[in-house]
Each structure stands twice: as C-alpha cells, then as structure tokens.
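Peer 1: Sequence:
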Amino acid sequence: MVHARQPDLSYVRIIGSRAYVLIKNRRDRPARAKLQERALMGWLVGMEATNIYKIWIPQSNRVITSRDLL
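Going by full-length UniProt numbering, 66 is the number at position 66 of the sequence shown; the sequence numbering is gapless.
Treat the hints loosely; a few may be bogus.
[As the list claims (entries may be wrong)] Think about it this way: if two alpha-carbon atoms lie no more than 30 Å apart in a straight line, the pair counts; the simulated DSSO-like pairs of lysine-lysine are: (1) K34 <-> K24; (2) K54 <-> K34; (3) K54 <-> K24.
[Claimed, not checked] Derived CB-CB ranges, DEER-like: (4) L35 <-> A4: 46 to 54 Å; (5) P58 <-> Q36: 41 to 49 Å; (6) I64 <-> Q6: 26 to 34 Å; (7) L35 <-> D68: 19 to 27 Å; (8) D8 <-> S60: 30 to 38 Å.
Since the hints were made in silico from the structure, they are not lab data. Glycine included, C-beta positions come from ideal geometry on N, C-alpha and C.
With the hints as extra help, turn the sequences into a complete structure.
Peer 2: What follows is the structure, given as structure tokens:
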C-alpha cells in the first residue's frame with residue numbers, strides 16, 4: 001500500500017446483480033406517458049469508469065452503457 005488511507009470503493013457494484021437502467025427521452029422520441037415504463041431490467045456485467053456501468057439487457061440481447069441505474 002503506497003498511501004496510508006484506504007481507497008474509496010463505495011461506487012463498486014456486484015457483477016452479475018440485477019440492474020434497472022433509466023430510459024431517457026431523446027429528441028427523436030415523444031415524451032413518455034405517465035404510466036409508461038421508465039426503466040429496463042438487465043444484469044450488470046462490468047464497469048467502464050467509476051460511474052459508468054455495462055448492463056446486459058436480455059429482452060434485446062445487447063449490452064448497453066449507462067450511468068443512471070438502480
């Protein structure tokens with residue numbers, strides 16, 4: 001250990017855990033209705049940075065990157 005204090009690992013999530021990704025409005029899509037779904041359910045598969053996560057969405061069978069997840 002080079003420094004006396006411990007590194008901050010509060011942002012680390014458990015790989016393989018369930019993650020809900022926020023669906024954002026884009027300019028080419030109309031705004032969501034009040035009761036329309038606001039998130040996609042997926043599985044956390046990795047991290048790109050301290051606040052950017054890679055999530056596998058099984059419905060579309062693709063991996064997306066997002067910083068907004070639960």
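Peer 1: For every hint, state whether the structure bears it out.
Peer 2: Going down the list of hints, with the structure as the test:
With a CA separation close to 14 Å, the supplied pair K34 and K24 stays within the 30 Å bound. The straight-line distance between the Cα atoms of K54 and K34 is roughly 28 Å, inside the 30 Å bound, and the hint therefore holds. A threshold of 30 Å between alpha carbons decides the hint, and for K54 with K24 the separation of about 16 Å falls inside it, so the pair holds. In this structure the hint that L35 and A4 lie 46 to 54 Å apart at CB holds, the actual value being about 52 Å.
Checking the proposed 41 to 49 Å range against P58 and Q36 shows it is violated: the Cβ atoms sit about 20 Å from each other. For the hinted restraint 26 to 34 Å between I64 and Q6, the CB-CB distance of approximately 32 Å keeps it satisfied. Judged by the Cβ atoms, the range 19 to 27 Å given for L35 and D68 holds: they are separated by roughly 20 Å. A hinted range of 30 to 38 Å for the beta carbons of D8 and S60 is consistent with their spacing of about 34 Å.
Hint check: a violation occurs at hint 5 only; the rest are consistent with the structure.
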